[in-house]
Structures are given as C-alpha cells and as structure tokens.
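2 protein chains.
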Amino acid sequence: MEVVNKYVSLKHHVDGHPSESDFELATTPLQPAPGSGEVIVKNLFLSIDPYQLNRMKRYSSSHTAITAASKIEPGQRIDAYGVGKVVASGRAELEEGDVVAGLLGWEQYTVVRPGTVLMKVDAKDLPISYYASVLGPSGLTAFAGFYDVCKPKKGEKVFVSAASGSVGSLVGQYAKLSGCYVVGCAGSKQKVDLLKRKLGFDDAFNYKEEADLKSALRRYFPEGIDIYFDNVGAAMLEAAVANMNSFGRVAVCGAISEYTNAGKRAAPDLMDVIYKRITLRGFLALDYLHLHEQFSAATSDHLRHGRMISLEDVSVGIESVPTAFVGLFRGDNVGKKLVRVGELEGAEL
Amino acid sequence: MEVVNKYVSLKHHVDGHPSESDFELATTPLQPAPGSGEVIVKNLFLSIDPYQLNRMKRYSSSHTAITAASKIEPGQRIDAYGVGKVVASGRAELEEGDVVAGLLGWEQYTVVRPGTVLMKVDAKDLPISYYASVLGPSGLTAFAGFYDVCKPKKGEKVFVSAASGSVGSLVGQYAKLSGCYVVGCAGSKQKVDLLKRKLGFDDAFNYKEEADLKSALRRYFPEGIDIYFDNVGAAMLEAAVANMNSFGRVAVCGAISEYTNAGKRAAPDLMDVIYKRITLRGFLALDYLHLHEQFSAATSDHLRHGRMISLEDVSVGIESVPTAFVGLFRGDNVGKKLVRVGELEGAEL
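These protein sequence lines map, in sequence, to chains A and B.
Residue 272 in this note's numbering sits at position 272 of the first sequence, with consecutive numbering throughout.
Each number in this note's numbering comes from the position in the second sequence (counting from 1) with 349 added on.
If we strip away everything but chain A, and leave its shape as in the complex, we get (with noise of 0.2 Å):
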C-alpha cells in the first residue's frame, strides 16, 4: 500500500512580508523503505521559525554565509527542525518507535539522509514537544546567547525583545534565574501581562502604544541597560543602544522587524557605542553546539523544578503551517510556535 506523504512548499521566493498564499500543500509517494544510513521519520512537532523567511528571500546575505541558512526553492521541499518518530531505520543504533530530534522538514514524513544529527529523545518525564522548543534550538539559542554573549552578572538590568517569542521568553527567564533584572517588550497587553505574571519578568511593557522608544526604555531603565537580547533589529536597537550603560552588551540574535523589509535598519547611534564601549555581537546557535549537554541538563532540571516554564503555541496538521508561519511575521504566536503534524500514539504510517 503506497503512503502519501503531505508537504508543504513555496510557490515562489518571498520578498517582503510572507502570505498563507506564497506556499501550497502538496503531496508526493514516501519511500518505502530507508536506504542504508537513512531514517524515516513520522513527524510530530516542526518548530516554526521566522529565520526561515531569510531562506524563502530571492537574495540574502545568509543564503552563503552558513549552510543551515541556505535558499529555499519553489517547489522544494523545507527542512526544519523538530520531533517525530522513527517508523524505519537505516541506521543501527536507531530502531522502529524511538523518539528523535533533528532537521526534518514541512511534512508529515521525512526522509532523513545519512549523516544527518538525529537526537534520541528521552520523552519520558517531559512533554515531547518541550525538544522542539525549550530544549531545542530555541533553547540552545537563548541558553548561549544569555551566558556567553551577554556574560551576565548577578543585578545587571537586561532588557529581552520580542519577549514573550521562542527565545525571549527562555532568555527572560533565564536572566531571571541568574539574579537580573529584566525587562520585556512584547506587541499585546495579552503578552506583557504574560510576561509579568507567568514568566516573572520584572516589568513589561507594549512597544506599540510608546511613541518614542527612546524615552521609554529611559522610564523602565532609569539606572540604564547593561544587556540588551536583541530579537528584533531597527528602531528598538537604536532605543537601546542610547540606553546602555557603559560597557553594555548586546547579542543580536534576531531582527524580525526587518527580515520583511531590507531598507529598515537599525542605524545605533556609533558615539554611544564608543563612549559606552558597547559591544554589538551576532551568534548562532550552531556554533555554542559544545555547549548543548550543559544546556539540556540545566534547562531540563530547571523545567522539572518548576524553576522554568515552557510557553508554546501549538497549531495542528500539516495544513496549518503556512498560517503558522505567517503569524511569526504579524506577532500572532505568544511562546513559541509549534504545528503538531502527527500523534505520538496510534498508526505509525
């Protein structure tokens, strides 16, 4: 009996804001069987990432700086990272049922090919879906973006954008842990009031009813910013910057605000960054890699503690991962982004 396996694609490059309309769904045979040294894995959780818009770009200075960010082409199919179950192994130390975490793709089945990381996944004491969020890139990103980018000291004030996304909120939480005092900003009072009472930040606050951000970081910072996690690039960076104190750290994790518009860019103020010694630096995740077992240990002893909380945002089927996406850009996810594509229990194929 031959199984259909259902993906989603790009009809064409995507400049500028995305649109459900921009991607199809479609379907193709799935292979039989893995071929020797590949897995074949039933997709559970795919984290939805707005990265990913860089690579659907016709140009972007990422497609050849690092292979995980290479371009996307009408009709392929999208690799993303995420949580599935494998349905048949190629591979000897993998076998029929275990749970893995690794580059799959927008569809319900994937195809992995040898020498492609799988992950084997206890998910015994914590929600699979927590290994394509808090315990997977997302979480690497925030855990070595925290603690090696910012070098955070017990009682330095840390402003998170985009606080209540994928990495803010870890990010948040993380400073929280390590005796910061820390400011969000999200884009809904839904979001800011999320951030003060669930996840313990602080103070929070909606960067879309200040009219000047400037003066607004002033009102939460009165004694200035020492770590700005910066998410979203643009006018926020330049609010920030003009807020730091010297020696201030900023790790330039994201720049959603200008992923859906190449001709918006944060122009920080280079007296502030002189004078304020300010240190701006870009990371990926992939590089702090050495990092992941300290990481996972700390962050999964910090979830089973209740020390730590897990904010997702889960759509369901296969079908609903272009709506997904397309929200990351309209800020519609609170936590992180998730579409749950198969179940965990029942027909494996």
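Read the hints as simulated data drawn from the structure, not as lab findings.
This structure is a prediction, so every number in the text was calculated from the model and none was measured.
Backbone N, C-alpha and C define an ideal beta-carbon position, used for all residues, glycine too.
Be aware that one or more of the hints could be misleading.
[Stated by the list, open to error] 30 Å max Cα-Cα, derived BS3-like pairs, lysine-lysine: (1) A:71 to B:563; (2) A:71 to A:6; (3) A:57 to B:563; (4) A:264 to B:557; (5) A:57 to B:613; (6) B:613 to A:208; (7) A:264 to B:613; (8) A:264 to B:563; (9) A:153 to B:500; (10) A:214 to B:406; (11) A:214 to B:613; (12) B:545 to B:525; (13) B:406 to B:420; (14) B:500 to A:154; (15) B:557 to A:151; (16) B:406 to A:264; (17) B:500 to A:151; (18) A:151 to B:473; (19) A:214 to B:420; (20) B:525 to B:473.
[As the list claims (entries may be wrong)] Over 12 Å on every C-beta distance to chain B, these chain A residues come out as not near it, computed from the model: (21) 17; (22) 31; (23) 345.
Given the coordinates of chain A, assemble chain B onto it according to the supplied hints.
Chain B only, in chain A's frame:
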C-alpha cells in the same frame, strides 16, 4: 615681570562642521608660581584630535559617558594631551627642565592641577614629539584596539579606514608586523601613495574615487575582511560589514564622518551581523592604561629599529591650533596632527 599665556577657546558651541571663526585667541596672565601639587608646564607639542569636536557640541551623548569627554564651554580653556617642559614644580617628583606628557591644553602654558597625571619622558633617543603622537594616546588607541579588540591572527585580512591618520597609520603598521594582509583607505592620491610606499600597506585606495564602497571593498578583499578597524563610521562601516568574513571583528574606534553630521549614521545590515557572527565593539584607550608599559616598550623598540615610523603633520604656534583642528575634518592632515606651541630649548618663560 608678568608672563602672558596665550590660549585658544571656543566662541560658541559647534554643531556640524567646525570653522576657524568658531575659535578665538585670548591671553591671560600666567600665575607666577605653582601651588602645592601643581606644576607649571611650558607646552611643546599638542595632540590635535577629532574627538574634541564632540566635546564642543551643545549636546552629545559622549558628554556624560566619560569625564575625558566632558563638554567644553565657550570661553573655557580646552584641555588636550601634549608634551611639555616643567618650568616650575610643586611636586617632589618633578623638577624644572623635566619633559612631561599628559593632559595639557590649547595654550602656551598649562598649570597642571594636583592629581593630574604627568608622565616623565625620557627624551634622549626618540624625538619628543613622539610622546604626543605614536607613543601617546593615539598610539595606545591603535595598539589596544588592534591587539585587544581585534585579536588578530597571522594571515588575516585587515581593513583600516582613515588609514593615513594618527591611529590608522599605526594600526596598519602593527597589522603588518603581525603578519596580516592590510588594505587602507584615505582621501587623496598622496595619502594612498604614502600608505603603500612608506607605511608598508599591501594595498590602499582613495575612497573619494569609489562610487560604490561595497564593490570597492569586494575588489580589494576578494577573500573577505576578517578585521575592520573603523575610524570613520557611516557608509564605510556598512560596506565593510557587507564584506566581512564569518567571525569578523570591527573595532569601532572613531566615526569622524558622523561627528560633523549627527544625521549621518551607519546602518550595517544585521543579517550580516547575525549570520556571519560579527562583533562590533566600541572602545577607548583609557580602558587600556594597564597595557601602557607593554605598548610603550614594544612600540619604542619598533621605532628605534625602523620597523615602524611615526607620521607627523606639525603646525607651528598656538595661533595655528584652530586651523590644525578644523583641518582634521577636511582631511588636511597627513598622519598625526600636532601643533608645536613652544621650543624645548631657549627661554622657559
């Protein structure tokens, strides 16, 4: 007999390009004898530096960031680094005739207040002007910025802007001594020739002849830039970031093209910063006083053995200070701009 001290002061705050008419020459009687802890210094060489313009502005974020960049008010004396000769000393460790370097002023004589550091200069085997240029703050800026901020490795590709200036000309020489490939840019054919023929740069170009800085840098760095030592900011910083290699470092030392125009700001592409994991770091020499001894010993040795040269552009007389200063923003100076306001030999008062 009363000794008259000529000094240069501001007529009014300067926002935008400075001109000679913003300054005035005035005189004041020199105090006859130093108080306890004071030293009266006959100024010999004054260091003329672009950053002073930021101090002359009505408003600049630099004013509050550090004391050394405090605001200059109209009519005030203007402190400035220089080398001079002690004519009267209220300090036990200094005596008449000693040559000293430290914070003096745009004046013929400076009464150095108690607590202000004066470094005794051994003026035997190197010209004393060197202590206001290559062995002064410009030198320490180049040394600390290149070695500590840029962390060069042998064979790396280094780009220096304002490369014939006080700091750039030294960064290029340090880079060559470290086995790097170095290209500089400057604003005239004469300067470009000098970089290549006299300072040992591997290549150099006149930025005024390049319609597209991004393409120009692609031509000069077909394998990309590893280190950018930025003295100018604005469009050149954007072009350099666009041409940087992964893990590239930018030492943000100065932004002379932004000093005269607060509206002109660099907006480097954050996509490059993130995906290429670029670090941009502002710094000031005063944070590196702990490196002074190492810097001074190494650099003196390079100079004595002809491995480095000090490029100096000297005007004569306190009256020439305004033109010397204004000329920095027209690119008049070739190398370190100094004004010789007094002679080592001859009458001390």
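Agreement of residue 525 (chain B) and residue 473 (chain B) with the hint, judged by alpha carbon distance not exceeding 30 Å: holds (28 Å)
Keeping to a limit of 30 Å between CA atoms, is the pair of residue 557 (chain B) and residue 151 (chain A) held or broken? violated (41 Å)
What's the verdict on residue 264 (chain A) and residue 613 (chain B), does the C-alpha distance respect the 30 Å limit or exceed it? holds (15 Å)
What's the verdict on residue 57 (chain A) and residue 563 (chain B), does the C-alpha distance respect the 30 Å limit or exceed it? holds (21 Å)
Taking only the CA atoms, is the gap from residue 264 (chain A) to residue 557 (chain B) under or equal to 30 Å? This hinted pair holds, its Cα atoms lying about 27 Å apart.
Hint consistency between residue 214 (chain A) and residue 406 (chain B) [alpha-carbon to alpha-carbon, up to 30 Å]: holds (21 Å)
Quickly compare the C-alpha distance for residue 406 (chain B) and residue 264 (chain A) to 30 Å and report which way the hint goes. holds (29 Å)
Does the alpha-carbon distance linking residue 500 (chain B) and residue 151 (chain A) stay inside the 30 Å limit? The given pair, whose Cα atoms are some 19 Å apart, holds under the 30 Å limit.
Holds or violated: are the alpha carbons of residue 545 (chain B) and residue 525 (chain B) at most 30 Å from each other? holds (12 Å)
When you check the alpha-carbon spacing of residue 613 (chain B) and residue 208 (chain A), does it fall within 30 Å? holds (27 Å)
Pairwise hint evaluation, residue 500 (chain B) against residue 153 (chain A), where the allowed Cα distance is 30 Å at most: holds (24 Å)
Can you confirm whether the C-alpha distance between residue 500 (chain B) and residue 154 (chain A) stays at or below 30 Å? Holds: residue 500 (chain B) and residue 154 (chain A) sit about 28 Å apart, inside 30 Å.
Hint compliance for this structure: hints 15 and 18 are broken, all remaining hints hold.
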